[in-house]
Amino acid sequence: MENLSFQLFSARNTPLSEALEIISASGYRYVEAYRDNVTDLNTFEAGLKTNNLQCTSIHIGIDELKNNLSHSLELAERLGIKQIVCPYLMPEQRPADTAGWKALAEELAGYAKLINAAGLPFAWHNHDFEFTATEDGALPIRILLDTATQMQWEIDLGWIQRASESPASWLRTYSDRISAVHLKDLAEEGDCLDEDGWADVGHGVLDWQQILPELKSIDVEHYVVEHDNPSDLTRFAQRSIATVQGWA
Numbered sequence: 003m004e005n006l007s008f009q010l011f012s013a014r015n016t017p018l019s020e021a022l023e024i025i026s027a028s029g030y031r032y033v034e035a036y037r038d039n040v041t042d043l044n045t046f047e048a049g050l051k052t053n054n055l056q057c058t059s060i061h062i063g064i065d066e067l068k069n070n071l072s073h074s075l076e077l078a079e080r081l082g083i084k085q086i087v088c089p090y091l092m093p094e095q096r097p098a099d100t101a102g103w104k105a106l107a108e109e110l111a112g113y114a115k116l117i118n119a120a121g122l123p124f125a126w127h128n129h130d131f132e133f134t135a136t137e138d139g140a141l142p143i144r145i146l147l148d149t150a151t152q153m154q155w156e157i158d159l160g161w162i163q164r165a166s167e168s169p170a171s172w173l174r175t176y177s178d179r180i181s182a183v184h185l186k187d188l189a190e191e192g193d194c195l196d197e198d199g200w201a202d203v204g205h206g207v208l209d210w211q212q213i214l215p216e217l218k219s220i221d222v223e224h225y226v227v228e229h230d231n232p233s234d235l236t237r238f239a240q241r242s243i244a245t246v247q248g249w250a
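In the numbering used here, the protein residues as written are 3 to 250.
Don't read these hints as lab results, they were simulated from the structure. As the structure is a computational prediction, the values presented were derived from the model and not from experiment.
Under the rule of at most 27 Å between Cα atoms (straight-line distance), these lysine-lysine pairs were calculated in the BS3-like manner:
#, residue 1, residue 2
1, Lys84, Lys51
2, Lys104, Lys115
3, Lys115, Lys84
4, Lys218, Lys84
5, Lys84, Lys68
6, Lys115, Lys68
7, Lys68, Lys104
Turn these sequences into a full structure, and let the hints steer you where they fit.
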């Protein structure tokens, strides 16, 4: 996984300059940004350059896509970003029924068309709420992917596990739609409570021996290490990259 990246949301509780130094020293060469990282773009670019890092993808919220997509495309061009990802919906933004999810999917398809026209893929990043069935038994994740056919999937394996679903099965089912993978691990129940129940990659409950053959069978552009609330950024960065390097 030479194209291994680090999601900077994992480092949000560490000053950016320090975080980039830790990430680079741990052996990463690529990062995935989120919106807060680019509020001071000059500082962000300088930090990347100083630490020999490249920003290859970015999370852009749905409101920003709706209200200021042109700015996001300009940002992507300036940073050399290779993929734009819609990362999350706040609870009040989440559709209440199948019709609402279909409408959202059609909206996302419109963004995908515009972003694709600019030469970039557009992907959806899942959490666990997309795996809660609607009133007629439909799964929102299927509605999104099956309706917005131009949209790719940045599949988050940890959130799928937290939703009590099989990461390997979902990798198989949508293998032709997956452009990026969030490598994330879930702690044993009751462990790592100060880290919201997440674990360093390879140190949790995900069955990586079952998952790895599926990962190796698909053409993935971006592998992204992530932990939603690490108590020790250096520990997480170093142990996770060691795990991934051990898969080679």
